[in-house]
Amino acid sequence: MSLLQVESLSKEFGGVHAVEDLTFTVEPGHIHSIIGPNGAGKTTLFNLITGVYTPSAGRVLFQDRMVSGMKPYELAAMGMSRTFQNLQIFFNMKAIENVMVGNHLQLNRSFLPSFLRLPGVVKGDRACVETCVELMEFVGLGKYLDADAASMPYGALKRLEVARALAAKPKILLLDEPAAGLNATESREIDEVIKRVAASGITVVLVEHDMKMVMGISDHITALDYGRKLAEGTPAEVRANPDVIKAYLGAHA
Amino acid sequence: MNMMTPRTGGLALLAVIITVAPIGFTNTYFYDVAVNAMFNAILCIGLNLLIGYAGQISLGHAGFLALGAYGSAIMTTAYGVPPIAAMLISATVVGLIAFVVGRPILKLKGHYLAMATLGIGIIIHIVLKTESKITGGPDGMSLDNFSMLGFTIMGDKMWYWVAGVLLILSAWLALNLIDSPVGRALRAVHGSEVGAEVVGVDTSSYKVLVFVVSAVFASLVGSLFAHKNGFITPDIGSFFGSVHLVTMVVLGGMASVFGSVIGAVILTLLPQVLAAVEQYEAMILGGIMMGTMIFMPKGLLPSILASLKRREAGR
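As they're listed, the protein sequences go chains A and B.
Numbered per this note's numbering, the first sequence spans residues 519 to 771.
Numbered per this note's numbering, the second sequence spans residues 0 to 314.
Rather than coming from a laboratory, the hints here were simulated on the basis of the structure.
Quick caveat: nothing in here was measured; it's all calculated off a predicted structure.
Quick list of in silico lysine-lysine cross-link-like pairs, DSBU-like style, CA-CA up to 35 Å: (1) B/Lys297 with A/Lys641; (2) B/Lys297 with A/Lys589; (3) A/Lys612 with B/Lys297; (4) B/Lys308 with A/Lys661; (5) A/Lys589 with B/Lys108.
Quick look at which bits of chain B chain A covers, simulated, 3 or more residues with Cβ under 8 Å: (6) 175-181; (7) 184-192; (8) 197-203.
Ideal placement from N, C-alpha and C gives every residue a C-beta, glycine not left out.
So that you can see chain B by itself, here it is in the shape it has in the complex (with noise of 0.2 Å):
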């Protein structure tokens, strides 16, 4: 196989970067915004394997990251639960919560799938945040450090290196779904329903497949998020939070694993980047993003490599 191939060149390139990385990091702060940075970019592998490789969209996937985060937050307080189990609860529960609703809704498509998965976001936000006495409403909830068979997750720099290790386990899972027969599927699914149906791809149960395995990344991402954070609110839950994603997806580049890496640490560094001229931050937020859209609607990444190769056939 060659090594420039996604699975081993890609693999090994994100996992020499995130070792040699903490070089220039001059303080924890660095490792704090980088740890959200490799969340970010786990929870959207998980999200463009719906949006980008099986074409369903979704704006309520902040809801399942909250879901995750609070079912942690709420059975490790309230219940004394062990955080890993904790976090796998909440996964299986958030699991089955989206493929409860993922069976009525992904016979929509498009804008009305978009309206139904924005329905979704919202009254996850809602009871979060209404429901105070479990979760403390806007208040949010704090919670302690994660810790398993007697070791204990503390600090940022520890978080680092497990966030790293879950990136590229995450980006592993995901290039080996992409290529497999279920992968296949999911991307027949996105080229042409019927043309799936025809040769025998049950395509509603591959939608709701991959809806599923979205959710659960992102339960799972939200469970690791309360703990290193050690406090949260309904906010992560917002209907902004799921924008937020969608863009990381779109910026970075549908259909590619490593492009949602970079659409996650571009936009998570941005704030940071831009904080001192923080008025205008919005504005070239949302300048990158129309640009994105007018000169490369497909991302950065794919755009990127298109070029690239136009450029070697040229030669």
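Only chain A is shown next, with the shape it has when bound in the complex (with noise of 0.2 Å):
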């Protein structure tokens, strides 16, 4: 059975179809790439399948359960996390402290315990540094483990976030342009996570420009151009497709 399905989704914005009338399912265990050129609908299609927006029409079934509506926290306790294309790190924090927040679910989080720090709050958060220390350490930031994290270069910020998404135990990652701005180092090492994260057994939907990645790493892929879906398929079907190549490499090709 798919882990997500998104039924014939369509989002408006005064007029303009940023998404429409796109259907297409995910198979639990794969990596599954949206690629498309910018302005496509990829980064929409991630709020809307997150619960960030509300969809016009259409929608959006995670694990069989009809989902469009409801709030990012409520997917999240379902097992939905993501990262986002545009860093949404809690500046204000330790490193740390940003995965601590992805494991808020996994904790005791009522009121006067934490008000009168009750053994248990003490005891569960120790456990807490813990995970998310190996989850930081899973991502390669075992050198930020003190750092603020607002005195941390942009490419760790990145892979940061990618810990935070993993410390809320998800079923399925949204990964939202993981390499955008990073150089081919970089671009390697978080190539290197993804697989990490998909061997774990999370489902990998993966939003990406970097073309060598998309196709090493993919099982399937769907191409959007202007918001409707183009092509899919595994990445030698993608990548051979004369839409995908009109539209994505351009009109000469």
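Both chains are sitting in their own frames, so use the hints and assemble them into the complex.
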């Protein structure tokens, strides 16, 4: 059974169709990439899937449950987590605290125990720190364990978002341009991280412009243009599709 | 755990200062000012949870302070409710009011939220001023000492020790909260609401929660202040009162528990210190504020700590 089903999804912004009548499914365990030129509607699609936007029409099913209209935090509780193209880091906190917020749903969140610092909360936080240290090391941020988020370089912050999303223990992880703005080395590192995430059993949906990365790690690709589906299939199929070549790589190809 | 962490080192230092300070108090007037400073500090610790940590502004918290004060005054004088019960009932009602108004207005951000909270403060102030049958109107109300279980808090000296213990308790509770799952969620709301939402933080509920907590802090302080002073007027809930509170938080340092204490102490003492040059008081106050905003926008304590850290790193 598909983990995520997008059915005839549309989103309109003042007459402009950012996403139009889009249908596709994401299979569990896959790395599923969404590609398309700038303005094709990829980030809008992510915002629709994760509950940041409400669709104008159509619906999204996650684990066979209709989730359109649900809030992002409700989806997070169901096992959906994401990162952002433009960073949404908590710059007022330490790096590890960013990851610990990701662990929010796994912790005792009642007010009074926190206010009185009851032993259960202290114990929970101690375990949470351990988990988050592991996650930071997993994404290659071992040397930033004591850092303030505000003092970290861009490439590290990209990975910090991945660690925070993983701390939420997702079944599906949506990565919005994780390699954007990274140099070749950093890009290869994040590529490795994504492969390791997928290998740990988490389904990955990836929006990315780095074609080398997309073709190299994807199991399945959906290509968009002007909010509509242009093509889909394995990397080899999509690469050979004339529409994709025309829209994405230029009309002369 | 390190002795210099805010939890242990800061709380210990605060306790020492509170214990030692009376050595320099030559008459009861010193105690009176010190109690007011500590009451303001407690209120600002609560307000800083909202403003500094969760990143939500309120220009109406003097209103909640006044509601606590009047709740205690009305219940104890007109209905003979014991002071402790009156204080707790007032705080519960204020918490409920904050919950009811907080849900819609905390959807607003920045200037819009500032305007809405300003409105709350003004409404409370006007109601207290005009409902003179219950509140005594602009003339104010007087009320009795705070007594509980046959024990009465009387005189500035006794109030000093009560306020001191409550201040340490408040600082401890606030520090607990900040460094807990709830506190991290609050700070995450400040950092990025959408970033917090996608990992499972129900940001609207947390904003309402911290608004209620800060309003309850204000209400409790209001009740205590009313009993200690023995007399209150609606002007404790004025717009200027709210601005004064926010100024204490900002001056001392946003997102700093001990910064709130410092801000509250400085702005409570300043009028006393400047009494000799009374005609210039407002100007000096304004100058200090402008200087803080320009030269240390993060507030006194965070700026000082940051420069100490830099010096240490430079060695």
